[in-house]
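Work out the full structure: start from the sequences and follow the hints.
Numbering (my numbering), first residue to last: 104 to 452.
Everything labelled a hint here was simulated from the structure, so no lab data went into it.
A hint or two may mislead.
[Said to hold, decoys possible] Within a straight-line C-alpha distance of at most 30 Å, the following computed DSSO-like cross-link-like pairs (lysine-lysine) qualify:
#1 K230 <-> K197
#2 K230 <-> K346
#3 K239 <-> K159
#4 K292 <-> K313
#5 K169 <-> K159
#6 K349 <-> K364
#7 K313 <-> K364
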Amino acid sequence: MKNPPKIAEATGKLGILLVGMGAVSTTTIAGVYAIRRGLAKPIGSLTQMGTVRLGKRTEGRAPQIKDFVPLAGLDDVVFGGWDIFEDNSYEAAKTAGVIDDALLQQIRPELEAVKPMSAVFDRRYVKRLDGPNVKKGANKRELADQLGEDIRRFKADNKLDRLVMIWCGSTEVYLTESEAHATVESFEKALETNDPSIPSSMVYAYAAIKEGIPYANAAPNLSADVPALLELAQKTGSPLAGKDLKTGQTWMKTLIAPGIKARLLGVEGWYSTNILGNRDGEVLDDPESFKTKEESKKSVLDYFSRISIPTSTRTSATSSASTTTRRAATTRKAGTTSTSSAGSATRCS
104 MKNPPKIAEA TGKLGILLVG MGAVSTTTIA GVYAIRRGLA KPIGSLTQMG
154 TVRLGKRTEG RAPQIKDFVP LAGLDDVVFG GWDIFEDNSY EAAKTAGVID
204 DALLQQIRPE LEAVKPMSAV FDRRYVKRLD GPNVKKGANK RELADQLGED
254 IRRFKADNKL DRLVMIWCGS TEVYLTESEA HATVESFEKA LETNDPSIPS
304 SMVYAYAAIK EGIPYANAAP NLSADVPALL ELAQKTGSPL AGKDLKTGQT
354 WMKTLIAPGI KARLLGVEGW YSTNILGNRD GEVLDDPESF KTKEESKKSV
404 LDYFSRISIP TSTRTSATSS ASTTTRRAAT TRKAGTTSTS SAGSATRCS
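This is how it looks when you write it as structure tokens:
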């Protein structure tokens, strides 16, 4: 490459701002603190355990990625974030119920120090939740400005060199691209007029991009995936990444489905069960939020189901459904049916 891009050294402290202090965020925070204390290993972490091969296989050169690529060390990470509930990270982790209590107790002081800032939240986009720790403003542009102030204050208070923002909040209602998302100008006007096509996740994405920091989306929301925010990111230099996380059911689908396709096997059904803790079950009990999740999960199988060989010659429907079991032992079932050209029925969560 004639003019290779220059990657800045990962020096100083890195602030990780998490939107939503639920199961995903608190498990991440607790995991990092446990690793720092030598109480756990970074199992499942590509950056901490993964390797990269150099040269030929026979040379045996496979350094760890963290020793080869300039990445921030776990000791240099500082966590912060926003949530509609006032629970600190320890209290939120207890509610989520993902991590063993004995481990939580050992890192309790560090977790209790991570307290959420007041959040931008609108029940029109997550109808099953409500909380007291919410920002007030005349319009969404003003709320975005308040987020910008939070970002700058957090950076200064913690003497940080760099920041990233990650949306780990709840799945919002299903939205599609509109005229408000076409340009930066139309987007900012929509913020000022409280346009309903601008959900909370977009307000956060706009604030992060305006501050010139990276923004990652860990949910299937539309979020930063619109022309206006892509245009703004080009101007400010903010890297954008993500469209839901591939940690459970979706990960399994992307592993198994290509193998079935490669063998040209037909599929009659695909059925998945999710055990949902924290408040995920409540959120996805709303059909509009469920549709956002469903479209994301189903898309993994769309290409596969189009070209897989059906088990019968008759045309059938592709059913996208899920059974979600909450820890409170309440079972929820929801789904929709759409026509598929594949002739094979596929069920997915």
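Failing hints, ascending? Checked against the structure, the hints that fail are numbers 3 and 7, while the rest are satisfied.
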